[in-house]
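Protein sequences, first through last, are from chains A and B.
Mapped onto our numbering, the consecutive letters of the first sequence carry residue numbers 47 to 379.
Mapped onto our numbering, the consecutive letters of the second sequence carry residue numbers 47 to 379.
No wet-lab data here; the hints were simulated from the structure.
Predicted, not measured: the structure shown is a model, and the values here were computed from it.
Just so it is clear, CB atoms sit at the ideal spot from N, CA and C, and this is done for glycine as well.
Take the hints with a grain of salt, since some may be wrong.
[As the list claims (entries may be wrong)] DSSO-like mimics (lysine-lysine), calculated; alpha carbons at most 30 Å apart, straight line: (1) Lys273/A x Lys248/B; (2) Lys333/A x Lys226/A; (3) Lys333/B x Lys186/B; (4) Lys333/A x Lys371/B; (5) Lys357/B x Lys371/A; (6) Lys333/A x Lys186/A; (7) Lys226/A x Lys371/A; (8) Lys48/A x Lys273/B; (9) Lys48/B x Lys48/A; (10) Lys274/B x Lys186/B; (11) Lys248/B x Lys48/B; (12) Lys186/A x Lys274/A; (13) Lys186/A x Lys357/A; (14) Lys273/B x Lys248/B; (15) Lys274/B x Lys48/A; (16) Lys48/A x Lys218/A; (17) Lys248/A x Lys48/B; (18) Lys274/A x Lys226/B; (19) Lys371/A x Lys48/B; (20) Lys48/B x Lys186/B; (21) Lys218/B x Lys48/A; (22) Lys248/B x Lys274/A.
[To be verified] Chain B stretches covered by chain A per the calculated footprint, using a threshold of three residues with CB under 8 Å from any CB of chain A: (23) 62–70; (24) 87–95; (25) 336–345.
Number of protein chains: 2
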Amino acid sequence: MKKIINDPSTVVAEALRGVELAHGDLLTVIHDPAVIVRADAPVRGKVALISGGGSGHEPMHGGFVGAGMLDAACPGAVFTSPTPDQVQAAVERTDGGAGALLIVKNYTGDVMNFEMAADLAGGGGIEVEAVVIDDDVAVKDSLYTAGRRGVGTTVLAEKICGAAAEEGRPLKEVSDLCRKVNGWGRSMGMALTSCTVPAAGKPTFELGDDEMEIGIGIHGEPGRERKKVAPAAEIVEMLATPIVDDIPFQQGDEVLAFVNSMGGTPLIELYIVYNDLHRFLEGRGIKITRNLIGPYITSLEMQGCSITLLKLDDELTRLWDAPVKTPGMRWGV
Amino acid sequence: MKKIINDPSTVVAEALRGVELAHGDLLTVIHDPAVIVRADAPVRGKVALISGGGSGHEPMHGGFVGAGMLDAACPGAVFTSPTPDQVQAAVERTDGGAGALLIVKNYTGDVMNFEMAADLAGGGGIEVEAVVIDDDVAVKDSLYTAGRRGVGTTVLAEKICGAAAEEGRPLKEVSDLCRKVNGWGRSMGMALTSCTVPAAGKPTFELGDDEMEIGIGIHGEPGRERKKVAPAAEIVEMLATPIVDDIPFQQGDEVLAFVNSMGGTPLIELYIVYNDLHRFLEGRGIKITRNLIGPYITSLEMQGCSITLLKLDDELTRLWDAPVKTPGMRWGV
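Please put together the full structure from these sequences, using the hints given.
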């Protein structure tokens with residue numbers, strides 16, 4: 047295993063110290079239980095947006111804490127759900143009196159632990175809603191997951207709902223909006239290489255020198271099929287066809303196209319993918335009006351990419367464009 | 047070779063089309079000769095900032111075109127200098143009547159071709175200055191380079207000089223500022239893996255499963271030494287010691303610390319490096335007051351990182367903080 051780390055057992059703790067030292071103007075890191083909190087939390091009268099999940103997907107979620115996005119993120123161990131007490135601490139620490147929305151990726155452990163925390167917080171008198179993101183069209187039921195997995199749409203939901211919460215909209219509206227984003231977003235990913243979980247010390251799976259895995263999960267869960275590496279345009283077709291066929295998108299729809307690196311794939315390849323995706327969607331009569339290109343929801347150093355499409359209307363477009371100031375996404379301020 | 051591409055010979059052209067389709071609000075792509083130009087160029091009365099170099103280092107330089115940073119970038123083939131006619135086209139296309147500053151990384155081909163373009167443009171009546179960045183303390187003279195190589199400080203110079211040009215400062219001042227940034231910035235990098243140039247189809251160099259290269263260049267040029275992979279804290283010491291000893295930094299100095307991914311190293315590892323770097327500098331009495339963490343000057347999918355330190359004063363800090371709106375760096379607008 048080749049990584050720039052000191053000790054597999056302290057990877058998350060040390061990275062959190064780095065985040066704290068680098069971004070103290072935007073966020074505060076609580077170390078026990080581990081929670082990354084917006085520096086000015088709690089914000090009075092604002093719905094608190096809270097997410098989290100296993101570490102190893104950076105900048106998600108900790109890098110999305112700040113004005114216009116998340117109030118708190120709960121980082122678990124690498125590829126391991128955060129514990130209920132982390133989530134409970136996040137809810138209590140960010141409570142501005144308007145309740146909390148938990149944005150949860152659909153993995154069995156995450157769903158269970160976030161629900162447990164919601165119950166605990168509810169018992170403590172804080173109104174809490176949880177919305178589960180399940181946008182991965184690759185497989186139904188998977189390692190760690192009943193139903194579809196939650197992937198790229200999570201990033202978009204955190205941005206869009208963050209903007210709505212910032213406007214002072216009530217919990218019910220922000221939660222409904224989150225369900226709308228989940229309903230309108232679909233994703234699929236692929237990998238050229240495995241990643242290596244530090245504590246495991248060896249690759250999660252093996253891929254031949256000429257193979258790729260289509261429909262991979264963000265923890266290296268198996269996808270739909272393993273096949274010979276194909277040209278980018280064919281990869282785009284393999285990923286985008288099931289996405290477009292699923293929602294279904296209509297001719298004339300406008301979308302946000304999110305081309306994501308799994309961590310080890312560089313930007314130059316993502317732009318080739320974006321070029322092919324643009325052409326693919328043009329052929330279907332679908333117009334990209336917003337985009338996001340880069341490593342936002344990663345799987346450690348895995349080489350590969352994912353595509354997320356989110357259908358847009360005026361409301362979602364306006365909220366996407368709203369100012370955001372976090373380490374991982376920043377504009378308008 | 048595993049990459050998400052269509053054809054090794056069209057990697058740059060296709061990526062440029064992707065950039066054009068994705069960021070048409072910020073920039074315009076001219077395809078022959080290839081130049082990425084700020085969308086509102088030429089800006090009347092403003093010094094034009096122009097850079098460029100081989101492709102494969104994205105987001106540098108094309109991702110830094112936009113308000114507050116570059117007016118144009120000239121992308122060569124992968125790891126290959128742009129041609130004089132690309133640079134000349136960039137100078138002519140962005141000429142707002144206040145002259146042009148060419149920011150050139152110190153590689154023999156780049157220096158030669160940018161100088162030739164400066165002569166051509168000068169002959170055409172446009173005042174042009176060129177500043178060569180040579181901040182890499184790893185080696186003196188290298189493959190492709192006489193003297194020190196130009197690396198991470200280039201990104202910082204483009205941001206800081208971009209802000210100065212935006213304020214309407216004259217060519218002489220912006221050029222002097224660029225020389226000051228180059229004088230105050232130092233870098234060094236390391237690699238865990240090689241990268242693969244698409245046209246070559248095989249890794250640029252071989253590293254054993256337990257080896258790293260200290261002092262690597264951004265094209266995979268050999269560094270200072272090859273040794274067993276060490277813990278992050280030791281890697282930081284190996285990179286930061288020659289940097290700090292070189293300028294030299296004084297106790298009490300304030301710096302911008304830039305921790306960069308070579309392309310294949312994920313953010314979680316960069317934060318571990320940042321944490322170790324913070325401690326290392328604290329031990330030397332040097333204070334980090336600004337930081338930049340992420341993949342900004344990359345070597346395709348190479349795994350590894352580099353550290354750049356830039357000594358700051360009030361002027362540099364203010365210009366660093368100034369608004370910037372480019373695909374790769376954006377804040378304040």
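Outcome of the hint check:
Proximity of Lys273/A to Lys248/B is assessed by CA-CA distance (about 21 Å); at most 30 Å being required, the pair is judged to hold. Taken as a hint, the Lys333/A and Lys226/A pair is honoured in the structure, with Cα atoms around 20 Å apart against an allowance of 30 Å. Between Lys333/B and Lys186/B the CA atoms are separated by roughly 28 Å; this keeps the pair inside 30 Å, and the hint holds. Between Lys333/A and Lys371/B the CA atoms are separated by roughly 24 Å; this keeps the pair inside 30 Å, and the hint holds.
For the hint linking Lys357/B to Lys371/A, the alpha-carbon distance of about 26 Å falls within 30 Å, and the restraint holds. Between Lys333/A and Lys186/A, the direct Cα distance comes to roughly 28 Å. Compliance with the 30 Å bound is thereby established for this hinted pair. Between Lys226/A and Lys371/A, the direct Cα distance comes to roughly 24 Å. Compliance with the 30 Å bound is thereby established for this hinted pair. At most 30 Å may separate the alpha-carbon atoms for a hinted pair to count; Lys48/A and Lys273/B meet this at roughly 13 Å.
Note on Lys48/B and Lys48/A: the hinted pairing holds, with a Cα-Cα distance of about 19 Å set against a maximum of 30 Å. Taking the CA atoms of Lys274/B and Lys186/B, the gap is near 23 Å; set against the 30 Å cutoff, the hint holds. Of the supplied pair hints, the one linking Lys248/B and Lys48/B holds, its CA atoms being roughly 10 Å apart against a limit of 30 Å. A C-alpha spacing of about 23 Å is found between Lys186/A and Lys274/A, which places the hinted pair at or below 30 Å, so the restraint holds.
Simply put, Lys186/A and Lys357/A have alpha-carbon atoms about 22 Å apart, close enough for the 30 Å limit, and the pair holds. Pair hint Lys273/B plus Lys248/B holds up; C-alpha atoms about 22 Å apart against a cutoff of 30 Å. The straight-line distance between the Cα atoms of Lys274/B and Lys48/A is roughly 10 Å, inside the 30 Å bound, and the hint therefore holds. Among the hinted pairs, Lys48/A with Lys218/A is inconsistent with the structure: their alpha-carbon atoms are about 46 Å apart, more than 30 Å.
Simply put, Lys248/A and Lys48/B have alpha-carbon atoms about 20 Å apart, close enough for the 30 Å limit, and the pair holds. In summary, the hint linking Lys274/A to Lys226/B is not supported, as the alpha carbons are separated by about 51 Å, beyond the 30 Å threshold. Proposed proximity of Lys371/A and Lys48/B is contradicted: the alpha carbons are some 35 Å apart, above 30 Å. For the hint linking Lys48/B to Lys186/B, the alpha-carbon distance of about 33 Å lies beyond 30 Å, and the restraint is violated.
Straight-line distance between C-alpha atoms of Lys218/B and Lys48/A comes to about 46 Å, which puts the hinted pair past the 30 Å bound. Restraint check for Lys248/B and Lys274/A: satisfied, since their Cα atoms lie roughly 18 Å apart, inside the 30 Å limit. Here the region 62–70 of chain B counts 6 residues with a CB under 8 Å from a CB of chain A, which clears the bar of 3, and the coverage holds. Beta-carbon proximity to chain A at under 8 Å applies to 0 residues in the region 87–95 of chain B; the threshold of 3 is not reached and the given coverage is violated.
For the region 336–345 of chain B, the stated coverage by chain A is satisfied: 4 residues place a CB nearer than 8 Å to a CB of that chain, which reaches the threshold of 3.
Checked against the numbered hints given earlier, the structure breaks hints 16, 18, 19, 20, 21, 24 and satisfies all the rest.
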